[in-house]
Every structure is written in C-alpha cells, then in structure tokens.
Amino acid sequence: MLSSITLAGLKAKAPVKSAGVVVGRVESVSFSNESLRAVVSARIDEEFKFPKDSSLSILTAGLLGDQFLGIDPGGDVDNLVDGDRVRITQSAIVLEKVIGQFLYGKMSEGGGN
Amino acid sequence: MKRVVHRLFLLVTFYLAMGNALAQAQSPDELVKTTIDSIMNAIETDEKISKGDIATTLQFVEARVAPHFDFSRMTRLAVGRPWRQAKPEQREALISEFRTLLIRSYAAAFTRFKGIKIEVLPLKKSEKPEWATVESIIRLPTAVAQPISVNYEMEFIEGRWLVFDLQIDGASLIINNRSIFKREIDTSGIEGLIITLRQKNAEALVADQSPLR
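Line order of the protein sequences matches chains H and G.
For the first sequence, counting from 1, position 66 maps to 92 in this note's numbering; every step adds exactly one.
For the second sequence, counting from 1, position 152 maps to 153 in this note's numbering; every step adds exactly one.
This is chain H alone, in the form it adopts within the complex:
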C-alpha cells in the first residue's frame, strides 16, 4: 500500500494503527523523483480488511512521542488489496510550522489594528 504525503519523522517499522490497535507496520519511506513527494509503503496484517477509500494520516503519540501511521476505514464495499495506493492522506502536523503561523498570525493582527 502506497501513499504520498509530507513526512516529518515517520520511520520504517513504525506501527500502523486503527482505533489505537496495531494493524500493520510501515515498510519503507522514500521519495519519488517523478511526483516529487514522499512515498510511504506499509503492510497491513492479512486478518484486517480495510475498504478501498480508507484514509491514512501521520500521527504522533502524545505531543513529542514517536510517529505512527493512522488508518481510518472508509465506506467502500471493496477492500484494499496488495499494491493499492491510498489517495486520502494527511501529512504530519509540523509543530514548528503551527507555532510559526500562530505567532505570525498574532503579529499581523496586532499590526493591522
């Protein structure tokens, strides 16, 4: 299963979790020269079936914990099979960026008034 997203610190062997339960592992994290985006491959344990339109997000355990891949089941009748690519993805929330936006946001608000 593949997906292209911006990563922060996701590493191979990181868990794939759904509703808090480990359902698989990240196999590799690479960069595609064609799409110029990050590509994450993950393996889901065979016993777990996820619909084709399931979504993937990069999540962090706690505020500063390790990163893992969260899979959220969709509503499709067909399930994901080997080699499928997930298109509904969410990048890691980069804390520095959020803080930066908040600070700059406050600054421009203050400047405007």
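Hint data in this document are derived by calculation from the structure and do not stem from the laboratory.
We put the beta carbon where it would ideally sit given N, CA and C, even for glycine.
Careful: at least some of the hints might be erroneous.
Quick look at which bits of chain H chain G covers, simulated, 3 or more residues with Cβ under 8 Å [claimed, not checked]:
no., stretch
1, 58-67
2, 71-81
3, 90-100
4, 108-117
On the provided structure of chain H, position chain G as indicated by the hints.
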C-alpha cells in the same frame, strides 16, 4: 474464444475513448487556475461580491466553483464506514446538507480572499492518467505571514476533472470531517448527523438573513 476477443476489443475501445477524452479535456492544473482566476476576478470587480453580499456570492460559487467538486463522493468519503448502513434517503440528505455546508462556508470566507495571491504549481506526473494532485500556494497580503499550501485531489470521471479532497497545509478536508462526523454518528447515529448538519445550515441562513438560492 470469440467472446473473449470481443470483450478485449470492447475494453480496448473503451480505453482509447477514455484516453481521447482525457487528451481533449482541459488539464486539471489549467482548470484549477482558470477557476481561481475567475474567483479572484469576481472578488476584485463584482461590487456585490466584494462587499460580501452572500446571495450573489452563493450564486457565483454555485455556477463557477461547485461544478468542479464531486460532492457525493466527498460525502461518502467523509462519512466513511457508516455509509454502508445508511438508507438511500439518508445518503441523499447527507450529500445535500454537506454540499450546502461546504458551499456556504466557502462563500462566507470570500471577502477574506481579497489581496491574496494564488500560484498554481506545474502538474507533476501521477500514477494513473485519470488521477491528479494539483498543488497551489496562497500568499497572504501581509508580508510576514507564511504562505499556505493547498492541494486539490482530483479524478477524471465521465469526461471531466472533479475535486474530491483538499489538503490545506497538509490537513485533509475529508479526514478532518471524517473525525467530526464519526463523533456525531457514534453518539446520535446517521439521523443525528443529518439533524446537526441541517441545524448548522439553518443557523448560517439566519446569520446572513438571505435566501439560500
């Protein structure tokens, strides 16, 4: 055997036809660019829209922006697993309310787009010809503010490119709505979600005191 050959032939013509339609259609990045240009132009030049007249803005969004979005797919994706259990009339209601909500919140934010600069980045190669991710960068008028990235996830369906998800600075519209919808469905079911969406839309209607259409 003959039958197999026939099927194969049908398949080939189907792919050829699709390839043709793909080649003839406006490219997805061009489509995003022309749509954004028409929005920015309307904000600059249309007196009512630039003053924040919600009825005129809604009309504009319905006519120029909404046709490029696949609202039924977006709703199905945002509802996720419970969609399978939803009755046909519940599905209809969900699609219509979610569509209204998205269009209204977009139209309501229109006046805030004044002065922003949007750059659509060159299209990168995708895995399948009928898939595209169009990337854009929004630069805010204040010099210190960091640019915001907006990605449009699109698919070529029935002869046109349609958007089914947006990523704003990496955050997916579908994934965020999925978690909000999930909470609602867990506590009060699909019917509860429909009621909440209806209430939200009705409140917005009162807030801007203008008819929906």
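Taking the hints in turn, this is what the structure says about them:
1. 58-67: holds (count 4)
2. 71-81: holds (count 3)
3. 90-100: holds (count 3)
4. 108-117: With 6 residues close enough to chain G, the hint holds.
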